[in-house]
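Next come the chains, spelled out residue by residue.
Protein chains: 6
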Amino acid sequence: MPDPTNTSLDAVLDALVESYREPDPLNALESAALPNRRAVIEAFHHLQHLLFLPFFSTRMLSENTLRMALAEHLLPATELLCAQVSRAAAWADRDCRPADRREEGWCRQRVFGLLNELPALRETLQGDVRAAFEADPAAEHIEDIVFSYPAILAITAYRVAHVMFESGVPIIPRILTEHAHQRTGIDIHPGATIGPRFFIDHGTGVVIGATTVVGADVRIYQGVTLGAHSVRGDVERRRGRIEKRHPTLEDRVTVYAGATILGGDTVVGAGSVIGGNVWLTESVPPGSKVFFRPTKTQQEQR
Amino acid sequence: MPDPTNTSLDAVLDALVESYREPDPLNALESAALPNRRAVIEAFHHLQHLLFLPFFSTRMLSENTLRMALAEHLLPATELLCAQVSRAAAWADRDCRPADRREEGWCRQRVFGLLNELPALRETLQGDVRAAFEADPAAEHIEDIVFSYPAILAITAYRVAHVMFESGVPIIPRILTEHAHQRTGIDIHPGATIGPRFFIDHGTGVVIGATTVVGADVRIYQGVTLGAHSVRGDVERRRGRIEKRHPTLEDRVTVYAGATILGGDTVVGAGSVIGGNVWLTESVPPGSKVFFRPTKTQQEQR
Amino acid sequence: MPDPTNTSLDAVLDALVESYREPDPLNALESAALPNRRAVIEAFHHLQHLLFLPFFSTRMLSENTLRMALAEHLLPATELLCAQVSRAAAWADRDCRPADRREEGWCRQRVFGLLNELPALRETLQGDVRAAFEADPAAEHIEDIVFSYPAILAITAYRVAHVMFESGVPIIPRILTEHAHQRTGIDIHPGATIGPRFFIDHGTGVVIGATTVVGADVRIYQGVTLGAHSVRGDVERRRGRIEKRHPTLEDRVTVYAGATILGGDTVVGAGSVIGGNVWLTESVPPGSKVFFRPTKTQQEQR
Amino acid sequence: MPDPTNTSLDAVLDALVESYREPDPLNALESAALPNRRAVIEAFHHLQHLLFLPFFSTRMLSENTLRMALAEHLLPATELLCAQVSRAAAWADRDCRPADRREEGWCRQRVFGLLNELPALRETLQGDVRAAFEADPAAEHIEDIVFSYPAILAITAYRVAHVMFESGVPIIPRILTEHAHQRTGIDIHPGATIGPRFFIDHGTGVVIGATTVVGADVRIYQGVTLGAHSVRGDVERRRGRIEKRHPTLEDRVTVYAGATILGGDTVVGAGSVIGGNVWLTESVPPGSKVFFRPTKTQQEQR
Amino acid sequence: MPDPTNTSLDAVLDALVESYREPDPLNALESAALPNRRAVIEAFHHLQHLLFLPFFSTRMLSENTLRMALAEHLLPATELLCAQVSRAAAWADRDCRPADRREEGWCRQRVFGLLNELPALRETLQGDVRAAFEADPAAEHIEDIVFSYPAILAITAYRVAHVMFESGVPIIPRILTEHAHQRTGIDIHPGATIGPRFFIDHGTGVVIGATTVVGADVRIYQGVTLGAHSVRGDVERRRGRIEKRHPTLEDRVTVYAGATILGGDTVVGAGSVIGGNVWLTESVPPGSKVFFRPTKTQQEQR
Amino acid sequence: MPDPTNTSLDAVLDALVESYREPDPLNALESAALPNRRAVIEAFHHLQHLLFLPFFSTRMLSENTLRMALAEHLLPATELLCAQVSRAAAWADRDCRPADRREEGWCRQRVFGLLNELPALRETLQGDVRAAFEADPAAEHIEDIVFSYPAILAITAYRVAHVMFESGVPIIPRILTEHAHQRTGIDIHPGATIGPRFFIDHGTGVVIGATTVVGADVRIYQGVTLGAHSVRGDVERRRGRIEKRHPTLEDRVTVYAGATILGGDTVVGAGSVIGGNVWLTESVPPGSKVFFRPTKTQQEQR
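Residue numbers (the working numbering), protein chains in the order written: chain A, 2 to 303; chain B, 2 to 303; chain C, 2 to 303; chain D, 2 to 303; chain E, 2 to 303; chain F, 2 to 303.
The following block holds chain A by itself, in its conformation from the complex (with noise of 0.2 Å):
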């Protein structure tokens, strides 16, 4: 074997230089004109501070401040957002002819129809907020909700990214939702329609995929996966359309620990609780009670 150190730098430096001459997307140097992460990443927590402010903000908050404590937020959420979904925008329109492409002013209307969102989005949370508290005994204080629970950072994330994710936003709704993915280990897609006072205990796990249905007062825990039967990626992107691959909860659903419910058709009905691990791929009928009981566990005394 030669011994790799007489490779000086600079080969190693041209040989990766060399490696990024292949033709191929993914050496695509244009590529470094993708929105900026973490600048939506600072984006979002402008917005979470608009939509908490008093959980985030260190300023002393009055009556008198609270408008101007608001403001501070405001602009500059508003200058990363239109900044990154225009940087989106051209990259994803990148190969369409110039007549096609999205212009400044299709972004900024996305921005400011997240904008106009804010107060609908605060009322929303805190019906998320409100289910929190109502669910689990070891919260003192409703306060403690949001401060503490994974939960509110992840759903948070996927209203906000929801919203863009509606009104067609390339990428950016992605990078939000992985954000909270990244610190709560709860994934859920921007795509998915999620009901009010949603409640995620723990977290851990949970994945939420882009076709599901969630309905309203809908509670499910850690290790949870609402998912597709699988299909291969590159087959369904050409028939042009994103079919329903992922399951439909109506409301007040309770889904315990590490329950699995697959596929687009499998509906369950309102009021039903799927137990702990349980396996699910076809529909239960409202008010049903589904446990795992594994009587076949073995068990040895000695």
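For identical chains, the list gives no copy identity; a pair is met inside one copy or between any two copies.
Straight-line C-alpha distance at most 20 Å; calculated EDC-like pairs for lysine to aspartate or glutamate:
#	residue 1	residue 2
1	Lys245	Glu135
2	Lys245	Glu141
3	Lys245	Glu283
4	Lys290	Asp266
5	Lys290	Asp252
Hint data in this document are derived by calculation from the structure and do not stem from the laboratory.
Start from chain A and add chains B, C, D, E and F according to the hints.
Same frame as chain A, but now just chains B, C, D, E and F:
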């Protein structure tokens, strides 16, 4: 649909301000007086130095400099903790009559109570490290455990948080364990009672509930839930006390990956082994071996 | 109970210093000579730039600046790695006779060995990205995968760590994979052997053990464990070699969410599909389809 | 000589601690309650934004965002100033009877007094900028003045500090002018009285004493001292009032580089020109031209 | 006097916004498009590395890494300069007809013009360093000069700024020299023409005007002014050209501390020595020695 | 003229690399082993805390925490100084025979020599502060002096640097005094000998040369030079010793702004007063009063 960009930023701001006018505890501006999460985590980093100095310090340590290198972390840890415990207490007591509010002395007592525990905590944590080393053949050196294993971070945060939780400090214990949860995927409630030489391997997805009791020399693996049957948080809080809702694991119990053990009356007897993916909601006597033997798994061959 | 605030901070410090006097490897002050985790992670960030430059760089890249933009990361990566590999080797050899200690030349050789592998690593990682794009219909553009998928971070860290692990670098490979574990919930031991075009979807809770062997075109989902039957770490280390304790997955195997495959002799034959939540401790021939059909699940209806 | 390395670090520390035991105001530990210089300077940066927003802001400013962009600096400026003025007042009053100590209301009044002055200060400072532009042919655009001229930094700091000084705020005015002194070499005492359209060119070495009075449209150059004949500080303080010790410059006076004008009774009449390096300790009537004509300079030729 | 605290923060904000409504170039919001001072200074730091690499770099430099270590600074320097020169040109041309505005190509040409000068600048600056070493017996090693002497920072900034000034780059040259002015007290206008092997000792208070011409091997000391007789900036700008207003120093001239030399026609002949505190407004022939002999200094003895 | 943009960045890089190939000490790559300025300044900041703790610390200081608060700065100060003194010595000795090179012990001795001096330095510096308070009626509280006066920064840096200079530490003393020079405009050579209770008012432009001797209770003002008649640095260094080139000021001398005192044999007798702008190159007996009475100043009246 009206073009959202017709709204000016000022209109957005007006709407946001309005949304904070709703009377709701989640809109209460005094939540800005809650403890500062960043400061709590900074204090924890200083405690990590005090507990495992040579693994965190970048100083050239020697017998002569040891004392000073510890002092460098003890003073800021103390100041940060005193300040944040005071904020937590003041916030939690905000509706009490002045006479019932906790005083500075109460806060200092909690902080010094923790500081006095540090040598004992060091001994306990070293036991946890040794237990990991004995259990994991993939660790070459015992020092690797402290250096790389997420479980040590999670257990350190838990053991510190538990001391504070026991002495009645509000809010802060949960911030500590959620900090560790975020970085390790291991969610241990600060109220749990966990004996010496505790080992968690890999750890992602582990959940240990608030009233769990764990004996000595227990080992658990990723994805294990020590949980509660579902209850409504608001009902229970109204009854004014926290009931035991999570299981008890006696000494020398091992619980493999993905197992779920639920219920406050469930006791896993000393020396038992609970296999991977087992679903356990009833007590088993000492020395039990409970395995999940899914003979009904369907297997097709081409 | 004595009032803990009667103790002065100096008494706390005395007790702490005393606790470090115990003869115990975990108290050994020379552990401060261990590698610096922060520096290792910084080196990894430079490597990520070298491997996927357009996705990380904020430079305006062009043919003309490509070489320089790579050089900007190659030099600091080299310096940081040389320094940290030297620390790791020195620390691991601290009890060796001087003659047996690894020299600077040994360290440089490891680093240049890795650097020379970078073009090949780029090719392999691009294969991993392509495999993800083919597998996941939720990805609109292949660039999204590099940009947002946690699996790519985890696999990049693993592939870099594996090269160093194979060449005998101590401690550092584990720091790299634990860094990725912390951010993605995917725990791949640097010792595992993983073939090309590897895909992990969602990923939280995946564990891949040190002696696992994975073929080409394998796909796994969140919560999958490729693990070992339990053994005592100290016993095995004494026998002086690492036995194969984790399974083998042949080419084109797919393992769905939550499945557990255990044991060094367990071989999943080529092209097999292992369903979600399956518990597998024995080999299955090529082309097998193993599903978890929990017919015993109890279902009550209202 | 004893080898200093025989001393341990602990002995060094002992000696240092001992040295702080001496009863001396400079050893008084409560000086740690003095204002925080860093916070004062941060407040000043916010004020600079409020005064010259387009020159400091990195926002994309427009009629629509102007208000919000100002709000972004007004709130933190207010909070920082309130906090630091309170610290300053508390420290300065530390030996007063409680009844004589300044209250929070007193502090807020000072801060709001300054904030209310901001529009007027803007007008005055714009006059200073215009005066500089008229005086210096090297400036191409008037905006260059704000952007690059150290005098504008120094005069801004002085004008802000002077408002606070006049309203009785202790300590902080001096911190502001010393901050500017450090960065520009221009040392203006906050107590000085300086009229509109004041210009300082280059500025390094300029000293303007506490009781100086400067009229409108005055220009001075680098190295100019407007100073006092020497007096003993302790004597004068004992007399309980600050006497006028520094000169008066009436309107439209110009003082060239290096000139020194001393004494509280020295009045430079309106429209006078004081040449470079002139030494002036007596009044001159309006319209005087005082030049330094060093005919005695000795000149040798080869 | 009305209590200023009766004003709310909102009223303060209203007044501030109002004050920006005045039509005045200093209120023009487009000034926010001026170059970013911080970015210009960051570019200059990269240039300092390129010019004196071993004195600034923290890399372990060797023949093998030299090229890469330089590349690490060349690319960001280029990007930062291109961006800021473009901003400067766009701002300066904001009132031009589109046809007259400078283009990207114009900007790149300026930046590459500077980059191509770097080797020549290195040679010139090394000459300046050597001149300092020959002149100052307090310097033990020639490397000390680069490392500690403020004059080298000031001359480096000047020489870089002068190249840009000569090629017509607006605004940025002045930012560079003011940066150095702030840190050294040496104020050299970027328009000045300064020959090789220039030395400034101590330097605080030195001023060198825009049309100064300095020959080779000139030495000046702290507090020296090479200035203009006063003129009104607005008058001269209207005449449309910059007249020579500052003196000429021929080769090998030495000017001691505090001397003032004024006027565009004033020529100090080659090899002359101008003593400390001399005031010179007329030319002196080559080889002159001009000293200040203040025989009239009054001296009293007790 | 060839269009500079025809040159590629690579050509620029080639030319730069080439320029470093010239054999010249200023191109020597080993200069990268010089001390790290940033680290030296960081060490100085720790020393400032040790010397004036209550003025720099943000801790809540008390008798109980004093020792720990000092320890927090003593350890990093020691480590940083040891590392940088070693670098300085190694670099300065790089051409010595191994036998003549200074050893680690030599370096530690210098650092501990300084640390042992700290209590004495505290006493001396407190004397300097008291002298300032007595001399300046503009200072309201003695604490203001430490807090705001640039002279205290400059004298602190000088006194620390002087101890290191005297014990033979190369390079670092000058870095310290140039750091202070940059921030205050006061340039004191570390070799100067300065007695107790030294006061500098305003300070910008003060220069105190390497062989100056200053007695007790001396006061000087801005722009004062205590300098040398010009000599050629290279000539003198060749003679192998540093001759006294700068003046001596005996006890209780006062020197007003802008005065220049030159020459190694020039002695200003005890208690003398040297007026502003005086030019003095010969000794004056004790009790002299030397004033600049520019009777030849020309004064025109309108």
